[in-house]
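A.B. asks: Residues per chain are reported as follows:
2 protein chains.
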Amino acid sequence: MPEVTHNPVTPLPRGSGIREVARLAGVSIATVSRVFNDAELVNPETRQRVLERAATLGYEPSSLGRNLVRGRSDLLGLIVPNVSFPLYGEMISGIEDVLGQRGMSVLLASSHDEAASELLAAQHLLRHTVDGGIVVNSQFDAALPAPRSMNWIYVSPEHVKFPNRVELDNGAGGRLAARELLRVGRRHLAYIGAPGRESQDRERGFTDELCQAGLSYRRAGGDYSELSGTWAAEELLDNGAALDAIFVAGDLMAAGVLRALHRRGLRMPEDVAVVGFDDSPLAALLYPRLTSIRQPAYAMGAAAAELSLRLIAGLSAEAESVVFLPELVRRESTGPP
Amino acid sequence: MPEVTHNPVTPLPRGSGIREVARLAGVSIATVSRVFNDAELVNPETRQRVLERAATLGYEPSSLGRNLVRGRSDLLGLIVPNVSFPLYGEMISGIEDVLGQRGMSVLLASSHDEAASELLAAQHLLRHTVDGGIVVNSQFDAALPAPRSMNWIYVSPEHVKFPNRVELDNGAGGRLAARELLRVGRRHLAYIGAPGRESQDRERGFTDELCQAGLSYRRAGGDYSELSGTWAAEELLDNGAALDAIFVAGDLMAAGVLRALHRRGLRMPEDVAVVGFDDSPLAALLYPRLTSIRQPAYAMGAAAAELSLRLIAGLSAEAESVVFLPELVRRESTGPP
Chain W
1 MPEVTHNPVT
11 PLPRGSGIRE
21 VARLAGVSIA
31 TVSRVFNDAE
41 LVNPETRQRV
51 LERAATLGYE
61 PSSLGRNLVR
71 GRSDLLGLIV
81 PNVSFPLYGE
91 MISGIEDVLG
101 QRGMSVLLAS
111 SHDEAASELL
121 AAQHLLRHTV
131 DGGIVVNSQF
141 DAALPAPRSM
151 NWIYVSPEHV
161 KFPNRVELDN
171 GAGGRLAARE
181 LLRVGRRHLA
191 YIGAPGRESQ
201 DRERGFTDEL
211 CQAGLSYRRA
221 GGDYSELSGT
231 WAAEELLDNG
241 AALDAIFVAG
251 DLMAAGVLRA
261 LHRRGLRMPE
271 DVAVVGFDDS
281 PLAALLYPRL
291 TSIRQPAYAM
301 GAAAAELSLR
311 LIAGLSAEAE
321 SVVFLPELVR
331 RESTGPP
Chain H
1 MPEVTHNPVT
11 PLPRGSGIRE
21 VARLAGVSIA
31 TVSRVFNDAE
41 LVNPETRQRV
51 LERAATLGYE
61 PSSLGRNLVR
71 GRSDLLGLIV
81 PNVSFPLYGE
91 MISGIEDVLG
101 QRGMSVLLAS
111 SHDEAASELL
121 AAQHLLRHTV
131 DGGIVVNSQF
141 DAALPAPRSM
151 NWIYVSPEHV
161 KFPNRVELDN
171 GAGGRLAARE
181 LLRVGRRHLA
191 YIGAPGRESQ
201 DRERGFTDEL
211 CQAGLSYRRA
221 GGDYSELSGT
231 WAAEELLDNG
241 AALDAIFVAG
251 DLMAAGVLRA
261 LHRRGLRMPE
271 DVAVVGFDDS
281 PLAALLYPRL
291 TSIRQPAYAM
301 GAAAAELSLR
311 LIAGLSAEAE
321 SVVFLPELVR
331 RESTGPP
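In order, the protein sequences belong to chains W and H.
Terminal number for the first sequence in our numbering: 337, no gaps in between.
Terminal number for the second sequence in our numbering: 337, no gaps in between.
It is worth saying that the hints were derived from the structure and are not from the lab.
Note that the structure is a prediction, hence the values are computed from the model and not measured.
All C-beta atoms in this analysis are idealised placements derived from N, C-alpha and C, irrespective of residue type, glycine included.
A hint or two may mislead.
Taking beta-carbon pairs under 7 angstroms as the criterion, some of the chain W residues facing chain H (in silico) [said to hold, decoys possible]:
no., residue
1, Ile-29
2, Ala-30
3, Ser-84
4, Gly-89
5, Glu-90
6, Ile-92
7, Ser-105
8, His-128
9, Tyr-287
Quick list of the computed label-pair ranges, beta carbon to beta carbon [what the hints assert, rightly or not]:
no., chain 1, residue 1, chain 2, residue 2, range
10, H, Ala-299, W, Arg-264, 34 to 40 angstroms
11, W, Ser-225, H, Arg-218, 34 to 40 angstroms
12, H, Leu-266, W, Gln-101, 45 to 51 angstroms
13, H, Ala-319, W, Ala-115, 40 to 46 angstroms
14, W, Ala-116, H, Leu-325, 33 to 39 angstroms
15, H, Arg-204, W, Arg-102, 42 to 48 angstroms
16, W, Gln-123, H, Pro-145, 28 to 34 angstroms
17, W, Asp-223, H, Ala-299, 23 to 29 angstroms
18, H, Cys-211, W, Ala-115, 54 to 60 angstroms
19, W, Glu-270, H, Arg-187, 35 to 41 angstroms
20, H, Arg-267, W, Gln-200, 37 to 43 angstroms
Residues of chain W placed beyond 12 angstroms of chain H at every Cβ, according to the derived structure [to be verified]:
no., residue
21, Gln-139
22, Arg-179
23, Arg-187
24, Gly-196
25, Gln-200
26, Leu-215
27, Glu-306
28, Val-323
This is chain W alone, in the form it adopts within the complex (with noise of 0.2 angstroms):
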């Protein structure tokens, strides 16, 4: 077996280190702390005195005692409803990625999309004394609680009362998405959106597109489920009225449509067109792969990152919000350009 650092032994108490290097220094616990972080404050015996006693009880100076000195944590609370869900997953990275660039580091906790449990999560961060905060998908009506000194941002459409939010433009995702089954010629269309903001928004911009056009749409509800959007689609189906593209508010949803589309013999995009809404790196794995309205979730993590690192350094003490626009993503259900 190599030489590990691992070392089953019973530990030291770990509380217990400064007190007692600061006893058997006869100094204040603030002066073994100062000797750690601001060594040149404090007098050189008194330092070398603090430091052979640090060591002879093996005493490792913690990062604890040197935020509380710099009176910063470096730590970012992260609330998003599911951990697991693979958006998140992205905007989780690129969050991630800006904070580990300054030497930050990400605390997370889930809301599972209900409100109680994202106060909870909220005020379990605070208790952790984050320098900033993110909030995916916000389902508290409020504010979230915080000091004085942190402003939480918002990374939802369904807050924009807040000042500090950064969020799709849901509206020009669906103005894509009708033009996309426009351009390949489609004229029987439906909507399958799901409760909330984001999906109204999305089915405004797909209305206003077809407006223009002078054309029409159905639309059936789901909740974001595959399954919901199977039912969907049969009931739109069963309806007996021409159809010959379906926009479907999220992948998932769409997957669930597909499904429905291939028990029905119907051939896509031939017979019926598909764009779904996210670009989750479902989109391309479905059968046929999926054109998709793309949510860039890792730039948008980035960008919530980068907003609540501008608030904790004081650079932004305004009411800042960054608005991304959504990119079509062609693939096989609507067919080659």
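Using the hints, position chain H against chain W.
C.D. replies: Below, chain H alone, put in the same frame as chain W:
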């Protein structure tokens, strides 16, 4: 606009808080800290004076101070290759749920599947004085650095030499896949693997079972990507030998296999049955829905967190590992039971 606690005023310089309070109250920083943490240790008059000065300055006691005294940060460091990979997302959820119940938080860092970046991530987390740490799919050959009081938990199959591990019995997964394909009457089997010990172990279990049935099999190699799955399947199909079943070492690669079979107009499972591995959320969304060997990522994450908490609490100083058994999740790609 409703009442919100957001307050875009210029924040106090945060570091100065505790120092200012100490100066104004004429006491040491340590005394201020004690007032907010172990108030009973402080003379009542001093306590009153500190609290008044703190109120005047708007000083809010931080968990940094409390944690310095306790010697615990209540943070658990977590290193994953890539947050946006769905399986790791589920694992993080499991870790976070266990920690949340104990008032602890996850401090996150990505290794990007690179040893150097993993080492940096570990150093970064240690600077924040995490109480414990979990590293998923470690790429670093040696043990990660750690203070004497801490052991990393490894969630990966490559580090059998390290004392604290959570792992999946990959060989058992390979046996389950072989049994399922034999159950549906297949005799011309193939395995599509990838580099690394996980795939080796899966193949070994698969071989063992086929050997007992007196069957040989063919093999092709990929790299867990979708495209590599398509190429590997095409290689097997081009060979011209009979083929009625493929076991694929990962779901994403299996998505590529399904695509190759669709392209050739082969029916699944009638012409070729397919079994994937991991049972990631993707598996149930593919067309046809993919039978897969379930890696219980959420439970594995929860177990790693529990193990880490036991080590932190000093309940287990010995080497301790948890081995999970995979399960077969039967879907359309091997047909109805």
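A.B. asks: Using the C-beta atoms of H:Cys-211 and W:Ala-115, is the stated range 54 to 60 angstroms upheld?
C.D. replies: Because 56 angstroms falls inside the window, the suggested range holds.
A.B. asks: Note whether the CB distance of W:Ala-116 and H:Leu-325 lies within 33 to 39 angstroms or breaks it.
C.D. replies: Holds: the Cβ-Cβ distance is about 36 angstroms, inside 33 to 39 angstroms.
A.B. asks: Taking the least C-beta to C-beta distance, is W:Ile-29 closer than 7 angstroms to chain H?
C.D. replies: holds, 4 angstroms
A.B. asks: Against chain H, with CB atoms and a cut of 7 angstroms, does the hint on W:Gly-89 hold up?
C.D. replies: Since the shortest Cβ distance to chain H is 3 angstroms, the answer is holds.
A.B. asks: Does the claim that W:Gly-196 lies off the interface hold, with its Cβ farther than 12 angstroms from every Cβ of chain H?
C.D. replies: holds, 20 angstroms
A.B. asks: So, W:Ser-84 near chain H? Judge it on the closest CB pair being under 7 angstroms.
C.D. replies: This hint holds: W:Ser-84 lies near chain H, its Cβ roughly 3 angstroms from the closest one there, short of 7 angstroms.
A.B. asks: Does 42 to 48 angstroms hold as the CB distance between H:Arg-204 and W:Arg-102, or does it fail?
C.D. replies: With a Cβ separation near 45 angstroms, H:Arg-204 and W:Arg-102 satisfy 42 to 48 angstroms, so the hint holds.
A.B. asks: Regarding the assertion that W:Val-323 does not contact chain H, is the least Cβ-Cβ distance greater than 12 angstroms?
C.D. replies: Holds: least Cβ distance 19 angstroms, greater than 12 angstroms.
A.B. asks: Holds or violated: is the Cβ of W:Arg-179 farther than 12 angstroms from all Cβ atoms of chain H?
C.D. replies: holds, 27 angstroms
A.B. asks: Taking 35 to 41 angstroms as the hint, is the beta-carbon distance of W:Glu-270 and H:Arg-187 inside that range?
C.D. replies: At 37 angstroms between Cβs, range holds.
A.B. asks: Given the hint of 28 to 34 angstroms, is the C-beta distance from W:Gln-123 to H:Pro-145 inside that range or not?
C.D. replies: Holds, at about 33 angstroms.
A.B. asks: Please check whether W:Tyr-287 passes as an interface residue: C-beta within 7 angstroms of a C-beta belonging to chain H.
C.D. replies: holds, 4 angstroms
Checked against the numbered hints given earlier, the structure satisfies every one of them.
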